[in-house]
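Undergrad: Under our numbering, think of the first position of the sequence shown as 1, with each following residue one higher.
Treat the hints with caution; some may be incorrect.
No farther apart than 25 Å at their CA atoms in a straight line, the calculated lysine-lysine pairs in the DSS-like style are these [claimed, not checked]: (1) Lys73 / Lys41; (2) Lys116 / Lys89; (3) Lys25 / Lys49; (4) Lys25 / Lys41; (5) Lys86 / Lys39; (6) Lys86 / Lys65; (7) Lys18 / Lys86; (8) Lys86 / Lys116; (9) Lys47 / Lys86; (10) Lys111 / Lys131; (11) Lys73 / Lys18; (12) Lys46 / Lys25; (13) Lys145 / Lys111; (14) Lys86 / Lys75; (15) Lys145 / Lys89; (16) Lys39 / Lys49; (17) Lys46 / Lys15; (18) Lys25 / Lys47; (19) Lys86 / Lys73; (20) Lys111 / Lys15; (21) Lys86 / Lys74; (22) Lys39 / Lys18; (23) Lys145 / Lys131; (24) Lys131 / Lys89; (25) Lys49 / Lys65; (26) Lys74 / Lys18.
No lab work stands behind these hints, which were simulated from the structure alone.
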Amino acid sequence: MIYEWNAYRIFLNGKRAKRPSITFKHDNESTISEHFESKIKRRLGKKFKSSEFTILRADLPQNSKEEIELAEKKKANELRNRVIRKHLKNIHVKGKIRQSVNYGAGMILCKESDWKWQWAILENATNRYVKGVSPGFAGFFEAEKWMEEQIAEL
Numbered sequence: 001m002i003y004e005w006n007a008y009r010i011f012l013n014g015k016r017a018k019r020p021s022i023t024f025k026h027d028n029e030s031t032i033s034e035h036f037e038s039k040i041k042r043r044l045g046k047k048f049k050s051s052e053f054t055i056l057r058a059d060l061p062q063n064s065k066e067e068i069e070l071a072e073k074k075k076a077n078e079l080r081n082r083v084i085r086k087h088l089k090n091i092h093v094k095g096k097i098r099q100s101v102n103y104g105a106g107m108i109l110c111k112e113s114d115w116k117w118q119w120a121i122l123e124n125a126t127n128r129y130v131k132g133v134s135p136g137f138a139g140f141f142e143a144e145k146w147m148e149e150q151i152a153e154l
């Protein structure tokens with residue numbers, strides 16, 4: 001079966017081009033690299049001949065590793081935010097919340113958390129501790145594990 005292939009140029013910094021540099025057809029998946037090097041790449045201009053390429057079948061997903069990692073990080077942040085919001089409903093902050101300040105959440109190790117790792121509400125600009133959301137943990141990885149358990153319960 002003949003497939004359409006996309007060849008993406010790899011830049012010197014290691015990142016892949018967003019759009020394919022070349023699109024071509026070939027029938028044998030096992031010989032695609034040899035076909036590209038011997039028949040396609042040699043017809044390219046001087047600029048492209050010295051470049052590295054990655055070749056993907058056009059009918060399959062074209063996401064780069066960076067795009068996949070970014071999507072995974074975004075999903076993890078969304079899940080963490082859901083956990084924080086869930087725990088915020090049970091926390092009453094007296095006199096500390098000011099309407100003019102933007103708040104965020106994160107893991108922190110500070111005097112206010114008794115020098116233990118804790119998921120907490122923080123002021124965005126200063127990362128000043130406002131209120132703890134989780135219990136304090138002796139280690140960073142214990143706090144991460146707590147968050148993963150909370151995400152699993154969602």
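Undergrad: Confirm or reject each hint.
TA: We went through each hint and held it up to the structure:
| no. | hint | verdict |
| --- | --- | --- |
| 1 | Lys73 / Lys41 | 36 Å, violated |
| 2 | Lys116 / Lys89 | 23 Å, holds |
| 3 | Lys25 / Lys49 | 19 Å, holds |
| 4 | Lys25 / Lys41 | 13 Å, holds |
| 5 | Lys86 / Lys39 | 58 Å, violated |
| 6 | Lys86 / Lys65 | 32 Å, violated |
| 7 | Lys18 / Lys86 | 38 Å, violated |
| 8 | Lys86 / Lys116 | 22 Å, holds |
| 9 | Lys47 / Lys86 | 54 Å, violated |
| 10 | Lys111 / Lys131 | 12 Å, holds |
| 11 | Lys73 / Lys18 | 20 Å, holds |
| 12 | Lys46 / Lys25 | 22 Å, holds |
| 13 | Lys145 / Lys111 | 22 Å, holds |
| 14 | Lys86 / Lys75 | 17 Å, holds |
| 15 | Lys145 / Lys89 | 22 Å, holds |
| 16 | Lys39 / Lys49 | 12 Å, holds |
| 17 | Lys46 / Lys15 | 20 Å, holds |
| 18 | Lys25 / Lys47 | 22 Å, holds |
| 19 | Lys86 / Lys73 | 20 Å, holds |
| 20 | Lys111 / Lys15 | 42 Å, violated |
| 21 | Lys86 / Lys74 | 18 Å, holds |
| 22 | Lys39 / Lys18 | 23 Å, holds |
| 23 | Lys145 / Lys131 | 20 Å, holds |
| 24 | Lys131 / Lys89 | 13 Å, holds |
| 25 | Lys49 / Lys65 | 24 Å, holds |
| 26 | Lys74 / Lys18 | 20 Å, holds |
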